[in-house]
Every structure is written in structure tokens, then in C-alpha cells.
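So the chains spell out like this:
Protein chains: 2
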Amino acid sequence: MPPTDAPDSAGRWLSESGPQSDVVISSRVRLARNLSGYPFLTRASAHQRRDLLNACRARIVDADLGTPVSWIDLNESSALDRQVLVERHLISRQHGQGKNARGVAVSSDQCISIMVNEEDHLRLQVLRSGLQLQDAYGRANAVDDALERKLDFAYSPRLGYLTACPTNLGTGIRVSVMLHLPALKMTGEIDRLRRAAKDMHLAVRGFHGEGTEAMGDLYQISNQTTLGRSEEQILADFCEVVIPKMIEYERKARQALHRDRGPVLDDRVWRAWGTLCHARLLGSEEALYLLSVVRLGVALGRIKQEGVSIETINQMLILTQPAHLQKMAGEPLDGAQRRKFRADFVRSRLGDRS
Amino acid sequence: MPPTDAPDSAGRWLSESGPQSDVVISSRVRLARNLSGYPFLTRASAHQRRDLLNACRARIVDADLGTPVSWIDLNESSALDRQVLVERHLISRQHGQGKNARGVAVSSDQCISIMVNEEDHLRLQVLRSGLQLQDAYGRANAVDDALERKLDFAYSPRLGYLTACPTNLGTGIRVSVMLHLPALKMTGEIDRLRRAAKDMHLAVRGFHGEGTEAMGDLYQISNQTTLGRSEEQILADFCEVVIPKMIEYERKARQALHRDRGPVLDDRVWRAWGTLCHARLLGSEEALYLLSVVRLGVALGRIKQEGVSIETINQMLILTQPAHLQKMAGEPLDGAQRRKFRADFVRSRLGDRS
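Line by line, the protein sequences give chains A and B.
Positions -12 to 341 (this note's numbering) are the ones given, in order, by the first sequence.
Positions -12 to 341 (this note's numbering) are the ones given, in order, by the second sequence.
Among the clues, some could well be false.
In silico EDC-like cross-links for lysine to aspartate or glutamate, where the CA-CA straight-line distance does not exceed 20 Å [unchecked claim]: (1) B/K291 to B/D254; (2) B/K327 to A/D247; (3) A/K172 to A/E273; (4) B/K232 to B/E273; (5) A/K172 to A/D247; (6) A/K232 to A/D178; (7) B/K239 to B/D178; (8) B/K232 to B/E219; (9) A/K327 to B/D254; (10) B/K137 to B/D51; (11) A/K291 to B/D254; (12) B/K291 to A/D178; (13) A/K327 to B/D247; (14) A/K291 to A/D254; (15) A/K86 to A/D60; (16) B/K291 to B/D9; (17) B/K327 to A/D254; (18) A/K86 to A/D96.
Sample of chain B residues at the chain A side, in silico, Cβ under 10 Å [to be verified]: (19) D122; (20) V228; (21) V229; (22) V251; (23) R255; (24) R258; (25) W260; (26) T262; (27) C264; (28) R267; (29) R326; (30) A330.
Calculated from the model, a selection of chain A residues having no Cβ within reach of chain B, i.e. all distances over 10 Å [unchecked claim]: (31) S32; (32) P55; (33) S57; (34) S64; (35) G85; (36) E176; (37) L222; (38) D224; (39) E235; (40) S271.
It should be emphasised that the hints constitute simulated quantities derived from the structure, not laboratory data.
The beta carbon of each residue, even a glycine, is placed where N, CA and C say it ideally should be.
Go ahead and model the full structure; you've got the sequences and the hints to work with.
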């Protein structure tokens, strides 16, 4: 079943409760691969791109990936369907907006996606809820092995996997986590964390990638360089040192807020809750902000409402985005219509209290 | 029973539902009187003021006012009790803050108050819920007559009742209504109304008098001149021409908002409701603003909640003020404590939904 057929669910990686979900929204491992015998896409003709797409498509569908996958030809998909995939983080924004022959294979649980003809010939990613990078890595490796049995990947004994961009050269791996850091934001410590991340050659992006850093206090942290280190080294450093440290900082900041500014914190989380439960018009940025504040309230046990968990909020972060709303509505909605539909949807999900 | 003994009720004039209560909060008729044989207060010695107070007190308590009254010696009252009387509009701010011998008699239903040694020797006022100026006037006249049987009022056949300030000379009457004009405020037409009021020699003040004009979209409209016109002329003009016109303007503006900007209006009133029902800290100005918006929602039938009527909101406008909160708490509260107590009180009154 293609993911765009079920617009009111957000995929297993967000619906289930993962480890450390108070701070970690999701984990992602992405591998970049290119086929030998074909030029990189920057130098490929339209004909070669089409050949590549067909070759990959047939072999991906044919490969034993341990889970059923659906193939989506992005050149034949509607703009809305492509936007749904972007909002679910199953394809990149660039892949959604591209013009050339391109596609994506998506597993039925939406944890695995394999983009064809994005920046590299193949980019396979595994998404997991909460902090499950090792699990995601294991799964990505298994998928990689299954694909390698069908496809001949460009590999140099000296450089490792060859990739279109040198930052991916070597292992071709990118590991990233989406962190929810509202307390570090409130206390102003977030800037110190950003500087530390930069020193460790980590990239810090926002919920929707580059340029959306502050939205909803959601930060995507990922490794930047892949050459000269083994996948295991990169992963161990990231999973066992960097991310646990960040989680610890955020938790300490939350405890400090709770202890020193309890009434102010309560006021903030309950006002956000009140607005989400009662507003009749909600913009996407405001919804993201309010959901983020409520998420903090739920994580700290300040907000306890039947049927409202961290996972409820995680799902709503995805489902309140423009393309998802239009899928749910079953028709195109302009900005004003979306604000109304979004507010109605949020109220219904939180248990309409008015 | 002195009014400050029942801090969680706001007096009958606010608890009951008066005519035109969608727009008119309350009506007030005030008469200024001075005793012959005593100088005006600006020229009275401390001894004369004390004499005046004792003479008035004895005769007010003795007079047949048709309702039991309590006497409150403001020089012996606590600052908090005086502030409660100010917040209930039973005494003026100046009277509450004064230093000289002064007092007030308050009827048990809190509809009548008689200030002694305010600007004039006596200022008697009758308050009514909604638009009930004629009724208030009738009552004020009856009280005036009863007092005149006991006290000798300074009166000139040419000028009428003599008063400390020439604007009160003649009838000594001031009629005023507290109007709720949120729609005229939203549409910007309020400025036109203010100019028209000025042309008609009407004073426009805020909920708390001079300088609080915009707070909660509450406007107190009153006549300014009293000389050369009979009480009946002043009243008829005010009741039958001026105020009905203003009520009509506000209602038309509400209908226009409802018709042309329904979703925006709904969003605004429900967000205000959501914040009132969920905030953990509420300042007095914000509470006034939010209650005003919710009042509009209730008046237009956009907000229908069990146990929440126009009267509920009217009462809360009074009860959420600083002195009332401290009376309810039974102890002094600083600003931060009041914000918390106010939020808790508002949630409990609206039926805690969290």
C-alpha cells in the first residue's frame, strides 16, 4: 500500500514509542550508493537516468528486503502525493521537486525508503522511532546487502563507496537523530550546544531541513564526514557519546525548569494545550510551536490527558502539515481553508473539549 | 452584612441579568448633595468634616431607605477592604484612598451606596444590571427623598442643588452606563463613536475610570453637564436617544463581524476561552481582555457552555481584580501569587476542563 493512501497515519516509525522518546523523536541511517558502469547523475543524460531508474526499480522490487515494498514513480505522482512523502521524511525535498526520471521504493511500514536518482543513484534510509540508531543501522545494512546481491555498487578499495558528493565518500553513511530540545531553547543553552556540535563536525538542521532550525524546537543532528572512518566508528561515537550527552543536557534543563520555574512552565504548556484544543484557525508554524510545547508538558508529566501521549504529538507533527491535511480532506485546500481544517483536525485528535 | 464579607459574590447589580445585557453591563445614577450650614469640603476643617460625618452617618442609618444599609467607616477599614469597595464600584478610587474623615453606607444588595465626605458631602448612587436607568433613577429619587426628610440640603432656587464642582451644579445628577463595545473596537468604529460622544458633551471613561479607556473594551458613558436642564430631560435624552443608538451601532458591528469574518471571530473567542480555561498564571489586564472577548462569544451564541452566561462573565470582571482575589484567598498575595490565584479561580469558575 503506498503511504499516500493512508493520510491519517504517519508510519510506524512515528506511531510507536521508541527509547528515550522524551527527547528523541526519531533515528535515521542513510546510505549513499552508486552503480558502477553509470556516470554520476550530474553527468548522466536523460536516457541514462531512465536506464538507471528502470534497472534499479526492477532489482529493488525483486530483491529480498525482508519486507514488502511499493514502488512510486515520482514523475507520474501528483505534486500533492510527492509532498506527502516529503512531509513524512520518506523522500528529500529536492527529490520531491525534481524533474528528471526518479522514483522511490517504500516499505509497507514506512521505515525503509530507497530513493533512486536523487543526488546519488541510490539513497536508502531506515527510520526508527526514538533512539534506535543501532537497530536502524542493522536494518540498513541488511537492505544494503540484499541490494548488493542484485546491483553492482561503485567501490574503490582505497576510498570506499564512491558518491556524488565528497562528504559522503567512503562509508556513504549518514546517521541522524531528530531531537526535541525545548528546555535548552528556553534556558538559552541551545547556542552552546550548537557551537559544540559544530566543533564535533556535526550538522544541525531543523524539522524540515536547512533553514528551519528553530521551528518547534526540533533539531536534526547528523554526522558530516564519512571518509577515513568505519561505519562502526561513526555510529559508536554518535550513539554512545554525542547523542546521550545531548539528551542528558536537555533532561537537566527540563529538571531545572521544573524545579525553578514550575508555575511558568505549567502556564506555558497549558496555554499551548488550551489554544490547540480551542483555536478555530491554526497556521502550520504555530501548530508546530504549540505541539512542541505540549510535547514537553506530556514528557514531564505536567499534562496528563487520556489518549494523548508523546506518540500522539509525534504523529500530529507530521499530520498537521499542508499536504497531509489536503490528503485527509480529499481535496485541495488554500491557506485559509488549511488553517481551518488543521484546527478542526487538531481538536478532534486531542478530544474536542469545547 | 458589609460587602467585603462576601468576596466571592459581586452584588446583585452584576449577578442578575439586566435588559440589553448583551451590550450594557450596568446602569448608574448618581446624585451629589451638600448640607446647608456646612462649608464645602475643600474649605472644611478636620473638625467640621468629622461633625459632618457623624451627622450624616446617624441620619442615613436612621432614614427609611426601603432596604437595610451597613455603615463602613473608611478611616477604620483596611486598605484591602477599601480596595474591594472600589473594585465593586461602590466607592470612588479617591474616596478609597482619602485620608480625611469619610465613610460609606451600602445597601445589603449592594445596589445603593451613599458616600459621605467624598467630593461633596453626600454622593448617593444606585447601580443596576443592564440598561435600567429609569429604574435606577426612581430608586435614587426615593433614597434622595428619604434622606431629605432627615437632612437639610443646600439648594438655590436659581441654581438648584449646590455642589462642590460646577459641572454637578443644578440637578447634581450624573447618569452613566457601562457598555461592552468589542465589535466597534474590532472594526475601528469606536473612534467615530468617541467623537460623537464628545460632540454630545458626554464623558467616555474606561472600566476603572479615567485613563483605562481601552481595557476589556468596556466604556463608561456619562453626562457631563447638569445645569439648566431637568433631571428628566437629561435622563430621557440619555436613555431614549444616546444609549439606544450606541447599542444599535455595536449590535450592527457584531452582526457584520459574524457575517463577514465568522471564522476569525470564532477563532478569537475560542482562543480566549481556551486560555482562560487552561492558563496557570493570569495578569489582571489579560484576564479583563480575555473575559471581554469571551463575553462577546457568549452574547453572540458562539460559545455555549453549561453554567457560563453573560452574568458569569460580568461577575468575573469584578472578582478577578486584585483586592477581591486577596479577600477570597484570605491573605495578602503579591503580584506573582495573584496571577496564580486568579488563573486557578477563573478555571474553577469556568468549570475546570484540564
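We went through each hint and held it up to the structure:
1. As the CA atoms of B/K291 and B/D254 are separated by approximately 14 Å, the hinted pair is consistent with the 20 Å bound.
2. With a CA separation close to 16 Å, the supplied pair B/K327 and A/D247 stays within the 20 Å bound.
3. Annotation: proposed proximity of A/K172 to A/E273 holds, straight-line Cα distance about 17 Å (limit 20 Å).
4. With a C-alpha separation of about 29 Å, the suggested pair B/K232 and B/E273 falls outside the 20 Å cut-off, and the hint is violated.
5. Taking the CA atoms of A/K172 and A/D247, the gap is about 16 Å. The hint holds against a cut of 20 Å.
6. For the hint pairing A/K232 with A/D178, the CA-to-CA distance comes to about 15 Å; that is within 20 Å, so the pair holds.
7. Note on B/K239 and B/D178: the hinted pairing holds, with a Cα-Cα distance of about 16 Å set against a maximum of 20 Å.
8. The straight-line distance between the Cα atoms of B/K232 and B/E219 is roughly 19 Å, inside the 20 Å bound, and the hint therefore holds.
9. About 9 Å separates the Cα atoms of A/K327 and B/D254, which keeps this hinted pair within 20 Å; it holds.
10. In summary, the hint linking B/K137 to B/D51 is supported, as the alpha carbons are separated by about 10 Å, within the 20 Å threshold.
11. With a C-alpha separation of about 25 Å, the suggested pair A/K291 and B/D254 falls outside the 20 Å cut-off, and the hint is violated.
12. Between B/K291 and A/D178 the CA atoms are separated by roughly 46 Å; this puts the pair beyond 20 Å, and the hint is violated.
13. Taken as a hint, the A/K327 and B/D247 pair is honoured in the structure, with Cα atoms around 16 Å apart against an allowance of 20 Å.
14. For the hint pairing A/K291 with A/D254, the CA-to-CA distance comes to about 14 Å; that is within 20 Å, so the pair holds.
15. For the proposed pair A/K86 and A/D60, the alpha carbon gap of about 12 Å is at most 20 Å, so the pair holds.
16. With a CA separation close to 14 Å, the supplied pair B/K291 and B/D9 stays within the 20 Å bound.
17. Taken as a hint, the B/K327 and A/D254 pair is honoured in the structure, with Cα atoms around 9 Å apart against an allowance of 20 Å.
18. Distance hint between A/K86 and A/D96 is unfulfilled; the C-alpha atoms sit about 27 Å from each other, more than 20 Å.
19. Restraint check, B/D122 versus chain A: the minimum CB separation of about 37 Å is more than 10 Å; hint violated.
20. Hint status for B/V228: violated, given a least beta-carbon distance of 38 Å to chain A, over 10 Å.
21. For B/V229, the interface hint is violated, since its Cβ never comes within 10 Å of a Cβ in chain A; the closest pair sits about 36 Å apart.
22. Hint on B/V251 holds. Least Cβ distance to chain A is approximately 7 Å, under the 10 Å limit.
23. Because the closest C-beta pair between B/R255 and chain A is about 8 Å apart, less than 10 Å, the hint holds.
24. Checking B/R258 against chain A by beta carbon gives a least distance of about 5 Å; that is within 10 Å, so the hint holds.
25. This hint holds: B/W260 has a C-beta 6 Å from the nearest C-beta of chain A, less than the 10 Å allowed.
26. The interface hint given for B/T262 holds, since its Cβ lies 5 Å from the closest Cβ of chain A, which is under the 10 Å cut-off.
27. The closest approach between the C-beta of B/C264 and any C-beta of chain A is roughly 6 Å, which is under the 10 Å cut-off, so the hint is satisfied.
28. A cut of 10 Å between beta carbons decides the hint on B/R267: the least distance to chain A is about 4 Å, and the hint holds.
29. Taken as an interface hint, B/R326 checks out: its beta carbon lies about 8 Å from the nearest beta carbon of chain A, inside 10 Å.
30. Given hint, B/A330 at the interface with chain A, holds; its Cβ is 7 Å from that chain's nearest Cβ, closer than 10 Å.
31. In this structure A/S32 is separated from chain B by more than 10 Å, as the shortest Cβ-Cβ distance comes to about 52 Å.
32. Once the 10 Å rule is applied to beta carbons, A/P55 is consistent with being away from chain B; the minimum gap is 43 Å.
33. Look at A/S57: its CB is around 38 Å from the nearest CB on chain B, clear of 10 Å, so calling it non-interface holds up.
34. Against the 10 Å criterion, A/S64 stays outside the reach of chain B, whose nearest CB is about 32 Å from its own CB.
35. Against chain B, the non-interface label of A/G85 holds: every CB pair exceeds 10 Å, the least being about 37 Å.
36. A cut-off of 10 Å between C-beta atoms confirms that A/E176 is not in contact with chain B; the least separation is 24 Å.
37. Non-interface status of A/L222 relative to chain B is upheld: no Cβ of that chain comes within 10 Å, the nearest being about 42 Å off.
38. No Cβ of chain B comes within 10 Å of the Cβ of A/D224; the nearest lies about 42 Å off, and the non-interface call holds.
39. A/E235, annotated as away from the interface, keeps every beta carbon of chain B farther than 10 Å; the closest lies near 28 Å.
40. Distance check on A/S271: its Cβ is at least 15 Å (rounded) from any Cβ of chain B, clearing the 10 Å threshold; non-interface status holds.
Hint check: violations occur at hints 4, 11, 12, 18, 19, 20, 21; the rest are consistent with the structure.
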